[in-house]
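Number of protein chains: 2
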Amino acid sequence: MKTNTSTLAQDIIEGIRAAIGPAPAVLHEPSFNGNEWLYLKECLDSTYVSSVGKYVDRFEIDLANFTGAKFAISVINGTAALHIALKLAGVQANDEVLIPALTFVATANAVTYCDAIPHFIDSEESTLGIDGKKLRDYLNSISEQRSGQCFNKNTGRVIRALVPMHTFGHPSDLEGLMSIAQDFNIVMVEDAAESLGSYYKGKHTGTFGLLGALSFNGNKTITTGGGGAILTNDENLARRAKHLTTTAKLPHPWEFRHDEVGYNYRMPNINAALGCAQLEQLPKKLAAKRELFSRYKQSFSKISKVALFEEPTNSKSNYWLQTILLDENQSDQRDLILEETNAANYMTRPSWVLLNELTPFKDCPNMDLPTAQSLATRLINIPSSPELVLSGSQ
Amino acid sequence: MKTNTSTLAQDIIEGIRAAIGPAPAVLHEPSFNGNEWLYLKECLDSTYVSSVGKYVDRFEIDLANFTGAKFAISVINGTAALHIALKLAGVQANDEVLIPALTFVATANAVTYCDAIPHFIDSEESTLGIDGKKLRDYLNSISEQRSGQCFNKNTGRVIRALVPMHTFGHPSDLEGLMSIAQDFNIVMVEDAAESLGSYYKGKHTGTFGLLGALSFNGNKTITTGGGGAILTNDENLARRAKHLTTTAKLPHPWEFRHDEVGYNYRMPNINAALGCAQLEQLPKKLAAKRELFSRYKQSFSKISKVALFEEPTNSKSNYWLQTILLDENQSDQRDLILEETNAANYMTRPSWVLLNELTPFKDCPNMDLPTAQSLATRLINIPSSPELVLSGSQ
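Going line by line, the protein sequences match chains A and B.
Counting in the working numbering, the first sequence runs from 148 upward without gaps.
Counting in the working numbering, the second sequence runs from 148 upward without gaps.
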């Protein structure tokens, strides 16, 4: 149908090829080069594949050790992790929760599972995450403090929580956001679904908020098939998280008594076994992803009208998804670039549609979103698998 | 502490031993004697462990073929399956949903996830499921029809759905319950979490209601680690179930647009791979479970004051958990029997605490529950693994 071709698209294809070699390349694929096989076999041989088993316990300990969180509670996926983290942070029906407009839909869905209302915040170009300066000004304008709670003067609802999401692995402005949470009496919960292996001032993302949520979906830096985890430094919250995610059953040798509405969110042992093996390989994968960034940096430095996104100041990113940003006056080229790169078998994808533009959230409150709107038209993710480096391509 | 010993407990231990041989025996353990190994390895080798992959598609087709449902949609567990089935059946906030008081807590939890209210119904001793005759009399007394909907006259709320649960695999009185659903304009959704391989008048449980929910938790007849499935014969509902359980994303080569609040409930490919291998062995497991019932029947026929539960008339049960019922005047022996059997390393467990007695549901409506209350004091599950027969014990 389209007969247009884009010089910029061809430049980008050449930039990708120079970094990773010939097509095809998907956006992000998992790799299993360690003990996955051994641990899965142990699971089957022991018959402990389900909710009880040593790999669940080990994965939680390994995650706590890796991230520096005092406690990690493994669950069925990142959405479930964020749902329970929000509940434990005190998010109740009819509360508002501040989240970026530029994020995967799960961030908003988890808020709605608490019968709460997402309130969409603008992003900053330097981190791709929530813009702390704009958020502070906005809260000064629309909120008021009553009885130690932050109220939205326009809606009359409590603004209960702030959920930074570390976009494509790049840490948000955590110090700025923590100070806002403190100043406005809002709880901070981190959506760290994309940022396992990312650090802000040397401390792992997901450990700055009262709770944090990780994801190990198949497209993530490490995978458990499907899985996630809740991070926290608070022993009581950790105990509550385990209780709520395992049907809220009270311990007893045989009695089935549950003391609140719980969830069946536990991670099966077979998925945790995969996670243990994957986590052993995480440092190697992270190193490969940084090397991939360096290769892209070299090849894209020669291309005009587009810039490779680089980790923010004070941060060390996992570079989960490598990202290019078109110059502002090139955004009309985006769809053509997506078409031509995908046609060339280099898988690329654009930003998520901003969540405030989706039907289920169109009546939710939002601040002005000029930067998120601009980023959404200019941002393209390019092939990012660590195997592109580890397998010796190029 | 206790110095009592129970003659009945010793008789029961002897009855178990006569059927399955020397201790130990757990209540129900999975076994992996087929292609589990092969299929998991294929998953790892293909790197498709997550939400996309051939085993998810195959497992859904295999499940539809096995159950005779036109469509099967695999999900993350039985609770998620029931949650989505209820949503698709039209259960809305503040609706009432009729469920047995004698069931696992997930049945009630799934109702609350829809912001609806469980309404607890009595059981019958012949099926261990909802008593259709009592339910009809009760609805005649407490409900009225208005604009084609069934209203609870006491609470003013709509009674939207009826959820039979096929206890320990034994089919409920499905014809009786279907006629009630029809007569009172209530949707029937089956909680078939425990009854994969169970048939009522030759038709598989979970295929009588508008939708049905299966579970493949580690303690079930077959397992995927954690997993479940939605069954339906309605193509539109099947399509909606897949959409809602996969974040409600609209199909597009790269755009992320979601048209409603969805869920991250998809079953990972690695879990589906396990399910495919397990399903191949289901007929053998079912045969073994019936053989185990025969052995118990023989040994318990010699013991007085206790009866082995047998599949209801018109039904062929999977005998998921073998069940003994103490005579009414022996219920004071129950705890002692649980203690002594477990001490003898034959794992046993009692009924779930009736859900209307749990803190989170104590304010929910319920009918008089004399049979459920009686069953809850007299019912004991005994070791039920198919391997007790297949491995040649005894």
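Everything labelled a hint here was simulated from the structure, so no lab data went into it.
A couple of the hints might just be wrong.
[Said to hold, decoys possible] Heads up, simulated EDC-like pairs for lysine to aspartate or glutamate below, C-alpha to C-alpha not over 20 Å straight-line:
id	chain 1	residue 1	chain 2	residue 2
1	B	Lys509	A	Glu291
2	A	Lys463	A	Glu322
3	A	Lys188	B	Glu402
4	A	Lys509	B	Glu407
5	A	Lys234	B	Asp262
6	A	Lys201	B	Glu176
7	A	Lys463	A	Glu438
8	B	Lys396	B	Glu407
9	B	Lys396	A	Glu504
10	B	Lys348	B	Glu382
11	A	Lys300	A	Asp510
12	B	Lys431	B	Asp209
13	A	Lys396	B	Glu504
14	B	Lys201	A	Glu291
15	A	Lys444	A	Asp192
16	A	Lys188	B	Asp192
17	B	Lys188	A	Glu189
18	A	Lys509	B	Glu402
19	A	Lys188	B	Glu176
20	A	Lys509	B	Asp406
21	B	Lys509	A	Glu402
22	B	Lys188	A	Asp510
23	B	Lys509	A	Glu407
24	B	Lys234	A	Glu402
25	A	Lys234	A	Glu458
26	B	Lys188	A	Glu176
27	B	Lys444	B	Asp192
28	B	Lys431	B	Glu458
29	A	Lys348	A	Glu322
30	A	Lys280	A	Asp262
31	A	Lys509	A	Asp262
32	A	Lys452	A	Glu486
33	A	Lys350	A	Glu458
[As the list claims (entries may be wrong)] Some but not every residue of chain A turned toward chain B, in silico, with C-beta under 10 Å:
id	residue
34	Pro177
35	Asp192
36	Thr226
37	Ala253
38	Tyr260
39	Ser294
40	Gly295
In this text the structure is predicted, and so the values were computed from the model without any measurement.
In this text, a Cβ means the ideal position worked out from N, Cα and C, and glycines have one as well.
Going down the list of hints, with the structure as the test:
1. For the suggested pair B:Lys509 and A:Glu291, the alpha carbons sit about 38 Å apart, so the restraint of at most 20 Å is broken.
2. Distance check on the hinted pair: A:Lys463 and A:Glu322 sit about 15 Å apart at the alpha-carbon level, within 20 Å; holds.
3. Of the pairs offered as hints, the one joining A:Lys188 and B:Glu402 is violated, with about 38 Å between alpha carbons and a cut-off of 20 Å exceeded.
4. For a cut-off of 20 Å, the pair hint linking A:Lys509 to B:Glu407 stands: about 11 Å separates their Cα positions.
5. Distance check on the hinted pair: A:Lys234 and B:Asp262 sit about 15 Å apart at the alpha-carbon level, within 20 Å; holds.
6. Pair hint A:Lys201 plus B:Glu176 holds up; C-alpha atoms about 16 Å apart against a cutoff of 20 Å.
7. A hinted pair counts as satisfied when its Cα atoms are at most 20 Å apart, and A:Lys463 with A:Glu438 qualifies at roughly 13 Å.
8. The suggested pairing of B:Lys396 with B:Glu407 holds, with an alpha-carbon distance near 8 Å, which does not exceed 20 Å.
9. A C-alpha spacing of about 14 Å is found between B:Lys396 and A:Glu504, which places the hinted pair at or below 20 Å, so the restraint holds.
10. This hinted pair does not check out: B:Lys348 and B:Glu382 have alpha carbons roughly 24 Å apart, beyond 20 Å.
11. A hinted pair counts as satisfied when its Cα atoms are at most 20 Å apart, and A:Lys300 with A:Asp510 qualifies at roughly 17 Å.
12. Straight-line distance between C-alpha atoms of B:Lys431 and B:Asp209 comes to about 16 Å, which keeps the hinted pair within the 20 Å bound.
13. For a cut-off of 20 Å, the pair hint linking A:Lys396 to B:Glu504 stands: about 14 Å separates their Cα positions.
14. The hinted pair formed by B:Lys201 and A:Glu291 fails the criterion: a straight-line CA distance of about 53 Å is larger than 20 Å.
15. Distance hint between A:Lys444 and A:Asp192 is unfulfilled; the C-alpha atoms sit about 46 Å from each other, more than 20 Å.
16. Straight-line distance between C-alpha atoms of A:Lys188 and B:Asp192 comes to about 14 Å, which keeps the hinted pair within the 20 Å bound.
17. Of the supplied pair hints, the one linking B:Lys188 and A:Glu189 holds, its CA atoms being roughly 13 Å apart against a limit of 20 Å.
18. At most 20 Å may separate the alpha-carbon atoms for a hinted pair to count; A:Lys509 and B:Glu402 meet this at roughly 18 Å.
19. A threshold of 20 Å between alpha carbons decides the hint, and for A:Lys188 with B:Glu176 the separation of about 17 Å falls inside it, so the pair holds.
20. Pair hint A:Lys509 plus B:Asp406 holds up; C-alpha atoms about 11 Å apart against a cutoff of 20 Å.
21. A threshold of 20 Å between alpha carbons decides the hint, and for B:Lys509 with A:Glu402 the separation of about 18 Å falls inside it, so the pair holds.
22. Distance check on the hinted pair: B:Lys188 and A:Asp510 sit about 47 Å apart at the alpha-carbon level, beyond 20 Å; violated.
23. For a cut-off of 20 Å, the pair hint linking B:Lys509 to A:Glu407 stands: about 11 Å separates their Cα positions.
24. Restraint check: the Cα-Cα separation between B:Lys234 and A:Glu402 comes to about 30 Å, which exceeds 20 Å; the hinted pair is violated.
25. Between A:Lys234 and A:Glu458, the direct Cα distance comes to roughly 31 Å. Violation of the 20 Å bound is thereby established for this hinted pair.
26. For a cut-off of 20 Å, the pair hint linking B:Lys188 to A:Glu176 stands: about 17 Å separates their Cα positions.
27. Distance check on the hinted pair: B:Lys444 and B:Asp192 sit about 46 Å apart at the alpha-carbon level, beyond 20 Å; violated.
28. Distance hint between B:Lys431 and B:Glu458 is fulfilled; the C-alpha atoms sit about 19 Å from each other, no more than 20 Å.
29. Between A:Lys348 and A:Glu322 the CA atoms are separated by roughly 9 Å; this keeps the pair inside 20 Å, and the hint holds.
30. For the proposed pair A:Lys280 and A:Asp262, the alpha carbon gap of about 28 Å is over 20 Å, so the pair is violated.
31. About 16 Å separates the Cα atoms of A:Lys509 and A:Asp262, which keeps this hinted pair within 20 Å; it holds.
32. The suggested pairing of A:Lys452 with A:Glu486 holds, with an alpha-carbon distance near 18 Å, which does not exceed 20 Å.
33. Proposed proximity of A:Lys350 and A:Glu458 is supported: the alpha carbons are some 15 Å apart, at most 20 Å.
34. The interface hint given for A:Pro177 holds, since its Cβ lies 5 Å from the closest Cβ of chain B, which is under the 10 Å cut-off.
35. Given hint, A:Asp192 at the interface with chain B, holds; its Cβ is 8 Å from that chain's nearest Cβ, closer than 10 Å.
36. About 4 Å separates the beta-carbon of A:Thr226 from the nearest beta-carbon of chain B, less than 10 Å, and the hint is met.
37. The interface hint given for A:Ala253 holds, since its Cβ lies 6 Å from the closest Cβ of chain B, which is under the 10 Å cut-off.
38. Satisfaction of the interface hint for A:Tyr260 is found here, the shortest Cβ-Cβ separation to chain B being roughly 8 Å, below the 10 Å cut-off.
39. Violation of the interface hint for A:Ser294 is found here, the shortest Cβ-Cβ separation to chain B being roughly 27 Å, above the 10 Å cut-off.
40. For A:Gly295, the shortest C-beta to C-beta distance to chain B is roughly 28 Å, which exceeds 10 Å, and the interface hint is violated.
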